[in-house]
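**Q** The residues making up each chain are set out below.
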Amino acid sequence: MIADVLIVGSGASAVHAACPLVAAGYSVRMLDFGNEDREYAPLIPDRSFEEIRRTDRNQFRYFLGTHYEGIALGPVRSGPQLTPPRQYVTKDTDELTSTLSEEFFPLQSLAVGGLASAWGAGVFPFTEEDLTDFPISLKELAVHYDAVAERIGVSGQRDDLLPFYRDCASMLPPLLNDANAQTILDRYAHRRAQCHAAGIFIGQPRVAALSRRYRGRGPERYLNMSFWGDLDRSVYRPRYTLAELQACPNFQYHRPLLVERFREQPDGVVEATGINPQTGGTESHRGRKLVLAAGVLGTTRIVLRSLNRYGAFVPLLANPYTYVPMLNLNMLGRTPSGPKHSLVQLCVVSAPRRAAQPLVHAHVHSYQSLLNFKLAKEFPLPYSASLRLAKWLVPCLAILAIDHEDRPGPGKYCRLQRGDAGGPDQLEIKYRLPDDLVRQQRRRESVLLREFLRFGCIPLRRIRPGYAASVHYGGTFPMTQSDKELTVDPSCRLRGTRSIYLADGSVFPHLPAKGLTFTMMANANRIGTHLCHILKDPCCELSSASV
Amino acid sequence: MSLSTDAMDAPDSLKQEGEQIARYLAGVSPPPDLLERYVEAHASLFRDAVHPAERAAILFVRQHAWALPYMDAGLALLRPHSRLRNKILLMFALLETTPDFIDLFFAESASKPGALFRMGKTAAKGLVYTVVGVALYPFMVRVR
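So the protein sequences, as listed, match chains A and B.
Sequential numbering of the first sequence, starting at 1, is according to this note's numbering.
Sequential numbering of the second sequence, starting at 1, is according to this note's numbering.
The hints are simulated quantities; they were obtained by calculation from the structure and are not laboratory data.
The structure displayed is predicted, hence computed values, not measured ones.
In this text, a Cβ means the ideal position worked out from N, Cα and C, and glycines have one as well.
One thing to keep in mind: the hints can contain errors.
[Claimed, not checked] Under the rule of at most 20 angstroms between Cα atoms (straight-line distance), these lysine-lysine pairs were calculated in the PhoX-like manner:
(1) A/Lys484 <-> A/Lys412
(2) A/Lys412 <-> A/Lys391
(3) B/Lys125 <-> A/Lys391
(4) B/Lys112 <-> A/Lys391
(5) B/Lys121 <-> A/Lys391
[Claimed, not checked] A short list of chain A residues far from chain B (calculated; beta carbon distances all over 12 angstroms):
(6) Asp37
(7) Gln81
(8) Asp92
(9) Asp94
(10) Glu95
(11) Asp267
(12) Thr273
(13) Pro410
(14) Thr497
[To be verified] Examples of chain A residues toward chain B, derived with CB under 10 angstroms:
(15) Arg213
(16) Gly216
(17) Val394
Turn these sequences into a full structure, and let the hints guide you.
**A** See the structure below:
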């Protein structure tokens, strides 16, 4: 049976592309590899992190993993936040979606819900300035931001960050800050005028987590267990939307399938072909339209393979990322009390005084629901000292995670290479930032750190964990008005095709410093809405560039 | 002492080693089930062959328990991801996920100067061990 729309992937983009189509009554078939955690979720008690630590004798099973995979022995690369119960998110990717690189070690996912099954839940809408390089305006995207926010549930505050985030009509009250973050916010309140003069703005984070019960989920119970499980279903995961879609008769979720390529037939019908990992055989599915939302690198593989563009260079973007553990002197000697959650506690914007400089976006985290041994590993001290030091340090540790924007450049690209001897194709990735840009970014970080020093937060070390560590990738087939090959038009239709649409980060021509996930969801909702119009009236397709 | 890799990783040897490391970190003997986990984890985490210098370090501290803090400290600077350091990290993680040892990992409240003093004292002591450990390391790790 030919579906109206085939969607590849089940992550943040895929499910939000599907929603408008399913609501409009079109038949949608989602093709997914679909890994899930079947091992850990049943083991984790419905209790707070602290209570579990004090009482559960079996905690080692899920905190360290049944194969002790939670004890990372080497240097930290991407994804240290992937605890054993979250590691299913990246399962099988080393073998099935391998990359070839000396400096770029991306996280990829073949899981139900994709990488957003372990995301930090940051909801940061782009402003008109952020969208400067996009061929779409904020006005076009605004309605989709609102639709997605209403679907996923967003908590936040209208505070000093409002000009950078725009308003959200359905916003729930903010999550409560922990004591660590509150001391920083209090110090900021005292220095607000000076901070603003220096271009520094701090406020409550906008997060896809629920301070109140919403659409059958939540509210946040402050169990401080978000790194380990979804006990209170407060933090949004795409699988919740997937479950809602599966309740609709015109939606079909099909797994396991690793989609490898597509082929457009002369009549415009698309055939997506992949491998069923259980049988080893190939399967094909047909649809009138195809939406690729397999994650930036997954989508890149499928497009280049389908168009037989092995060896072609395509750009690659990834937000440069630095994190800085800071000693918050305001917390010295205090034991953390009150509500605790594991998500971002505060957001920080460093807005340039000179318009030519890009905005820097940062988050403040506490370190209260990960284990001390991971921290102690980073100290150049004997472990007996590190163990005792970590105990005193953890309550006053604030982690400042700093994201910078990224734009296409000559040192950043990827290309698909044929696999050797029947092995899987490999995506070769080169990624290097120019030295002067890195210096400029470090200067911007120093401005932020100086301000935090005035709040009583002493930076201990500045860590650049590697180019792919932000886990925000994009830009391989950028959306643009100009008619260039290996790009998409403003409706995100792949140039040179009639029916292939890309709905993930691969279409972002530029990555602002804010995380892209929420905008990716909104854009996917826009694509889904656009496809509704096209399927209803194919004449719309001719003018799709003006969507 | 000369041991084959197999003998070095025999369960009884590993339990003895685990007990030694737990005493170093926590000051007490660990319960038997924790030592079982230590042995079990070895099968998952340490499958690769060990570098001769790292093997020598492990054998040395097994024979000379007094040397463990200095060896750990020296390696913290010289080979932070060496096998011995990773074994200590493993025991750290096992202790941390055992409720009996929770007081080693959760801070109690203290005055600001008190907390600063304790942190400073711990770091200073660790640095002293590190300096001594780096100086002694070449003598301790002669490949045997």
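**Q** So, for every hint listed, does it hold in this structure?
**A** Here's how the hints hold up against the structure:
1. Only pairs whose Cα atoms come within 20 angstroms are accepted, and A/Lys484 paired with A/Lys412 is accepted, the gap being roughly 19 angstroms.
2. Straight-line distance between C-alpha atoms of A/Lys412 and A/Lys391 comes to about 41 angstroms, which puts the hinted pair past the 20 angstroms bound.
3. Straight-line distance between C-alpha atoms of B/Lys125 and A/Lys391 comes to about 16 angstroms, which keeps the hinted pair within the 20 angstroms bound.
4. Pair hint B/Lys112 plus A/Lys391 holds up; C-alpha atoms about 15 angstroms apart against a cutoff of 20 angstroms.
5. Of the pairs offered as hints, the one joining B/Lys121 and A/Lys391 holds, with about 13 angstroms between alpha carbons and a cut-off of 20 angstroms not exceeded.
6. A/Asp37, annotated as away from the interface, keeps every beta carbon of chain B farther than 12 angstroms; the closest lies near 19 angstroms.
7. With a cut of 12 angstroms on Cβ distances, A/Gln81 stays outside the contact zone with chain B, its closest approach being about 16 angstroms.
8. Every C-beta of chain B lies more than 12 angstroms from that of A/Asp92, the closest at about 19 angstroms, which supports listing it as non-interface.
9. No beta-carbon of chain B is positioned within 12 angstroms of the beta-carbon of A/Asp94; the least distance is around 16 angstroms.
10. Against the 12 angstroms criterion, A/Glu95 stays outside the reach of chain B, whose nearest CB is about 18 angstroms from its own CB.
11. Distance to chain B confirms A/Asp267 as a non-interface residue, since its nearest Cβ pair spans about 54 angstroms, more than 12 angstroms.
12. Look at A/Thr273: its CB is around 37 angstroms from the nearest CB on chain B, clear of 12 angstroms, so calling it non-interface holds up.
13. The claim that A/Pro410 is not at the interface with chain B holds, since no C-beta of that chain comes within 12 angstroms of its own (minimum 34 angstroms).
14. The claim that A/Thr497 is not at the interface with chain B holds, since no C-beta of that chain comes within 12 angstroms of its own (minimum 47 angstroms).
15. With a cut of 10 angstroms, the hint placing A/Arg213 at the interface with chain B is violated, because the nearest CB-to-CB distance is about 31 angstroms.
16. The beta carbon of A/Gly216 comes no nearer than 33 angstroms to any beta carbon in chain B, farther than 10 angstroms, and the hint placing it at the interface is violated.
17. The beta carbon of A/Val394 is positioned within 10 angstroms of a beta carbon in chain B (closest approach about 7 angstroms), and the interface hint is therefore held.
Hints 2, 15, 16 from the list above are not met by this structure, while the remaining hints are.
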